[in-house]
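Novice: Starting from the given sequences, assemble the full structure and let the hints guide the process.
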Amino acid sequence: MTNSSSPDGVMLTERPSGRSVTTGARARMSPRRRSEITWALIFATPAILGFVLLKAMPILFSLYISMTDWSAVGDAHWVGLDNFEKMLFADPLFWRSLQVTAYYTLVSVPVSMAFAFFLATLLNQRIPGLGIFRTIFYIPSIVPIIASTVIWLWMFNPDFGLFNSVLGAVGIPKLQYIFSEDQVVPSLVFMSIWGVGPMMIIFLAGLQEVPKELYEAADIDGSNAWHKLVHITLPMMTPTILFNLMISMVAAFQTFVQPFIMTNGGPNNGSLFFVFWIYRKAFQDSQMGYASALAWALFIIISVLSYLIFRTSNKWVFYRGGDD
Amino acid sequence: MTTFSRRKALALAGAVALATGLAAATPVLAQDCEKVDLTFTFWGSVNEKNDIENAVKNWNTNNPCIQVKPMHIPATGTNYVQKLTTMIASNTAPDIGYLGENQAFQWATEGKILDLSPYMGETPDQQYIKSTIYKAGDTLMGTGLATGVMLIYYNKDVFDAAGVPYPPAKADEAWTWQQFVDNAKLLTKDRSGKNATDPAFDPNAIDTFGVTLPSWWGGWYPYVMSNGGQFANEDGTALTLNSPEAVEALQGFQDLIYVDHVMPNPTQTSSLPTGDVLMQSRKVAMSMDGMWRVTDFAKLGINWGVGVLPKWKTAETVVLSVPKVIFSQTKHPKEAYEFYKYISDPAQVGLFKSGLWAPHEKAYFTEPDLLKTWVQAEGSAYPPEAMDAIVDYTLNHAPQQAPVYQLKNIGQIMSEAVEPNIQQIMNNKATAQDAMDKAVATAQPMMQGRW
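Protein sequences, first through last, are from chains A and B. Reminder that position 263 of the first sequence reads as 263 in the numbering used here, one-by-one numbering, no gaps. In the numbering used here, each number is its position in the second sequence, counted from 1, plus 324.
Since the hints were made in silico from the structure, they are not lab data. Note that CB positions come from ideal geometry on N, CA and C, so glycine has one too. Be aware that a few hints might be false.
Below 27 Å or equal to it, Euclidean Cα-Cα: the simulated DSS-like pairs (lysine-lysine) are [as the list claims (entries may be wrong)]:
#1 55(A) with 407(B)
#2 381(B) with 393(B)
#3 753(B) with 174(A)
Among chain B residues calculated to face chain A with C-beta under 7 Å, some are [as the list claims (entries may be wrong)]:
#4 382
#5 400
#6 402
#7 412
#8 436
#9 747
Specialist: Rendered as structure tokens:
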């Protein structure tokens, strides 16, 4: 953050001693530009300080305690990479929580992206009451997640919940939803669709960026709606898709509220999401060191996945500006 | 009054204060001594909060030199622990506070909890109920804030309608497990009014359940003990929940749901209201729960009673408590200990009389004068049979301490090895034997011995 403004930064902070070094830069700059930069830095100081004190320092501190046995109340003892070794070789629940989280991510990300794209396409049509429909589909996202989770808890209820009542009415046997080890993750995926509002809005913005002349040209050439979707809309939307993919992948890996409010990680650890597992280690078992190690493991996993997605993105993402 | 007599300088002022009534509350007195400020953290419902805050207010009025600041921290999830962890890590620990058992033991070994041996003497078990004394190695953390025994609550009207005798209040007359199951069947009714002994009974359309038992360890461990089972071996190196005795008791638990059809399954339970409301609406005839629910039942306006748990071999129950500790960061251990005693005194805190807390000192279970401060107090919430089902039961029929008092690393053992497998039993996904074999194997690398 500070690096981007480094030439000016150097000049300002080193003014008393470093005069000869900075005169060149100074000469090229108008007084107005200089005062702008001064004020910019002054106004940015709270943000920079906030980042350093509230983000960067805790992040580095957690890296340190991930190599200790700190319990948060006692003394920390250096244990090197023991926590990471334990995670990989001696903690079955590490693999269990990773599996649950990966399963959820793998299913919920494509499903919710497809649904958000579908909704965005519908809401991109010229139909009466468009504003109302857009609002309706966005509203679930502004309901506080705790409140919506509690509502879903009720809808998932096997005995008198909404879903089983509907299924029962058409003669389909009752499901157990979040009360069954096998059905809990699919149920939560289903629930995640409810919150696609923000993703839908981003897709909608992307759709409106697609140049109209391309569609007009396609119309003249006699292509149908499917051709237009596959050959114009989707390629033009790939940057938006990439963005939504990254954001929703990271968010899915960080799922916390659902297990925390709805299932407590159960039944039989069937919804032991990774971040919930970190939380439990840190605040239930007071293993702050191990919890930090888990958090860093998650960071590494997400980083690697993001890197892979970015690396492959040049094969499928199309930027309108061209390659240069 | 003890603080007044402790301080010679205050004796005169105390007399004046007594004579002038309200004057005791004026800060004039505070100038005569060095004022000590203490912080006291606690959790609890709105009712508990009001009650505790009133008790603290009385203390502050009567002890101008020791001013206590009550700090209520809601205990939803791990909120309380989180807050306390932060306070201790930043060297701003409270002086006195409630504390969850897992944290109490762990923090005691980290030296964060004051050893109360110098204050309570070497033999606290002569004065206090065994299950309310918390000791981690050499550190005597002190006592719990109160006690609570596991009991059976029942709706008399439902029993009368089914013609079933009430669950006995005396431990000597406790039902056997088989009698318990048989009676529960008579009390369980489907929507067409048939009970669970009827061949035409429909287990998929149950209207009134015979019983509900909690699924946390307080709901099943008493039966394991009653059958002669144990949680872990002598030196705490292995769980023993897969012993024949333990498995028989746990299988009995599973059968209540899936064979006898007298109890709702966990999915049903999760969608039902709490035991007291269920009983009020006649959805359940008996409910096993802690003594602390007396306060809820008393408010329902139904015809209810309390009885002892059914037995396998011995009539046994478990007494629960919550550690109340003084943190070692306190600058005023002596003053803190005075308040420590005060806040568990039935004469000072209304929660004893209202049926949330039972005392933790043995004398309160035997001395007629002291019994009058809670269970036999005027306007107390307890039913008459509480003298047997709570007083005698707590004192004489809870010979063993719960595993949390004895086993190291119990938090992890419970949440990672025992509870997931207990859920398998309750969800009918595994037999008690298979589930407990798995629990014992899973717990093996976590075992760290006994305190």
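Novice: Evaluate each hint against the coordinates.
Specialist: To see whether the hints hold, each was checked on the structure:
no. : hint               : result
1   : 55(A) with 407(B)  : 20 Å, holds
2   : 381(B) with 393(B) : 9 Å, holds
3   : 753(B) with 174(A) : 17 Å, holds
4   : 382                : 32 Å, violated
5   : 400                : 10 Å, violated
6   : 402                : 4 Å, holds
7   : 412                : 5 Å, holds
8   : 436                : 5 Å, holds
9   : 747                : 5 Å, holds
Hint compliance for this structure: hints 4 and 5 are not met, and every other hint is.
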